[in-house]
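Trainee: Sequence:
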Amino acid sequence: MSIFSLQDIHSVMEHEKQLASHYDKVAYIKSCYNDVLNHSLFSYFKDDYLFHAAYYLDQDHTFHDIVDFAIPKHIKNVQVIIKSIHKGIESIKHGEQVVTFTELMCQTRKQVLCLFKGNSPDTPVGNLLLFQDLASGMEEAVLGISAFFSGKRLTIDYLVGCYQEIADSVSTGCYIYFIRPFTHFEHYNGVFSIITRRRLSEDETIELGAMWTKILSDTVIIEVEKKAKIEEQNAIFEEHTHTWNADLTSLYQHLDVIDKRFIPKSGTDDTSGIRSHIDYALEKAGVLRKIIHFNLFLMKVQKYPSRDTTQHSPEAEPHDETESDKLSSQNQMLIDAHAPEVISIKYIVKEALQTLKSVTNSHRLVDDHYEKKYRIIEKLEKEAEKFPDLPLLAIPIGVYIIILDLLKNALYHTDFDNPNYAVEISFQVEHTTAFFHVINSGKLPKKVLGYINNDEPFSKSKFRRKGGIRTIKRILECRLFAPHQPWDIHARNLSKDEHTDIYLSIPINNGTK
1 MSIFSLQDIH
11 SVMEHEKQLA
21 SHYDKVAYIK
31 SCYNDVLNHS
41 LFSYFKDDYL
51 FHAAYYLDQD
61 HTFHDIVDFA
71 IPKHIKNVQV
81 IIKSIHKGIE
91 SIKHGEQVVT
101 FTELMCQTRK
111 QVLCLFKGNS
121 PDTPVGNLLL
131 FQDLASGMEE
141 AVLGISAFFS
151 GKRLTIDYLV
161 GCYQEIADSV
171 STGCYIYFIR
181 PFTHFEHYNG
191 VFSIITRRRL
201 SEDETIELGA
211 MWTKILSDTV
221 IIEVEKKAKI
231 EEQNAIFEEH
241 THTWNADLTS
251 LYQHLDVIDK
261 RFIPKSGTDD
271 TSGIRSHIDY
281 ALEKAGVLRK
291 IIHFNLFLMK
301 VQKYPSRDTT
311 QHSPEAEPHD
321 ETESDKLSSQ
331 NQMLIDAHAP
341 EVISIKYIVK
351 EALQTLKSVT
361 NSHRLVDDHY
371 EKKYRIIEKL
381 EKEAEKFPDL
391 PLLAIPIGVY
401 IIILDLLKNA
411 LYHTDFDNPN
421 YAVEISFQVE
431 HTTAFFHVIN
441 SGKLPKKVLG
451 YINNDEPFSK
461 SKFRRKGGIR
471 TIKRILECRL
481 FAPHQPWDIH
491 ARNLSKDEHT
501 DIYLSIPINN
511 GTK
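Per my numbering, residue 1 is the first one in the sequence shown, and the count goes up by one each step.
There's no promise every hint is true.
[As the list claims (entries may be wrong)] Straight-line C-alpha distance at most 30 Å; calculated BS3-like pairs for lysine-lysine:
hint: 1; residue 1: K473; residue 2: K300
hint: 2; residue 1: K473; residue 2: K350
hint: 3; residue 1: K386; residue 2: K372
hint: 4; residue 1: K350; residue 2: K386
hint: 5; residue 1: K87; residue 2: K25
[Stated by the list, open to error] The following label-pair restraints were derived from C-beta to C-beta distances:
hint: 6; residue 1: P391; residue 2: V257; range: 32 to 42 Å
hint: 7; residue 1: K17; residue 2: E186; range: 20 to 30 Å
hint: 8; residue 1: P445; residue 2: E378; range: 25 to 35 Å
hint: 9; residue 1: S2; residue 2: H184; range: 18 to 28 Å
hint: 10; residue 1: K46; residue 2: H184; range: 30 to 40 Å
hint: 11; residue 1: S5; residue 2: H484; range: 53 to 63 Å
hint: 12; residue 1: D336; residue 2: I222; range: 36 to 46 Å
hint: 13; residue 1: K17; residue 2: E383; range: 55 to 65 Å
hint: 14; residue 1: P72; residue 2: S5; range: 12 to 22 Å
The set of hints was computed from the structure by calculation and includes no laboratory data.
Ideal Cβ placement from N, Cα and C applies to all residues, glycine included.
Construct the complete structure from the given sequences, taking the supplied hints into account.
Mentor: This is the structure:
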């Protein structure tokens, strides 16, 4: 008798049709088990069934758990099992438990790990599977698991302790299985876990592993397709970027010739008007050249691990850095051109304000709002003069883009028809952190506030200039931007007069000493 039926497999295939449009990876896995496979697991194992879960690693090796399957509450011991499982998961997510069975199995390509308390399994032990008796005691269990994976003692005492609690709560036998997909393809980086009162036969283990492999394969196909599309889009973007950069450089050079050869420094009102347009075009072309070049840099280094990447355990096998090394070698000139430097935030804020002032000046005679913006920028320039000349280590053009977008965002969202409109900037130092605040009248939508503070994913709801916020977050997430200590962005709505405060937190002990 099989665990799963032909109808089960067909039903999973029906779910697969909707994967690209209706599900993400976690939702799809949950749906396959909750809607289709759970019933078969409960029916097949009957009273021997206790619990099942799934764990997987993202491509950046971030750990994810899927444990909230629809498991019947009447199952004896289920609450103790869930409590112990969650203890182990929380210790991983909080960084207290660095080593995980999921990562160990995926890295070493071991097939099955079974922690048990009861009769020894009859299945022969080999290089690909381990049956570890938890009744032998904590130290012996840890040493046995360590020998299976790495040959040296792993720091897994707390994790083993959580599963020992589960085994102790079951009066009869308890068998905790971790089964890796039947493939070495790197995208299949997850394990299926099932807890039963009896040993699984080899056929049962293979069937459970085969179904888990099938479900993961569906998600892998979508991931590979998405990756291919992203690589294609990046290639197109890179080609366009080089074209734009060349065109802008040519435009800048032509404007420079006109500026130096044909437009006198002082002259009639007509020539002064022409000069203001030339100055604006030169300023705009120069800024666009820098931004396009920096965007190319960000695109090239996107394969570097992000700041949110979970640190790999020194006890596990080292992560393959070949791709990063190759990327660094191929693009060293681009990386060197955007190396972090010791910069003055005061200078960059003034530079960003000068850019906005130049752009605003070209429109102020025809639009009263631009005249108000111009006056605000002049006020902000005076506020920036009070900033301390504090040395900070970061990529200058990245800081410039961040500051420019924060200022543009504040000016864009200020209601200039409101007589109480306001935009303010400030810079404070508290202990080892500096804070750059940009305050403007008006409140941020709750979803945007959550997105900036990393409390919510990016929302597709309408919000003007949210592209600028995404750009800022993208720069801050680049590990090469501020290599010693990361900067961060925060936002809050101030109750006073319904103002918004978007601010940067900047470590000041960041390698400049």
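Trainee: Which numbered hints are broken by the structure, listed smallest first?
Mentor: Hint check: nothing fails, all pass.
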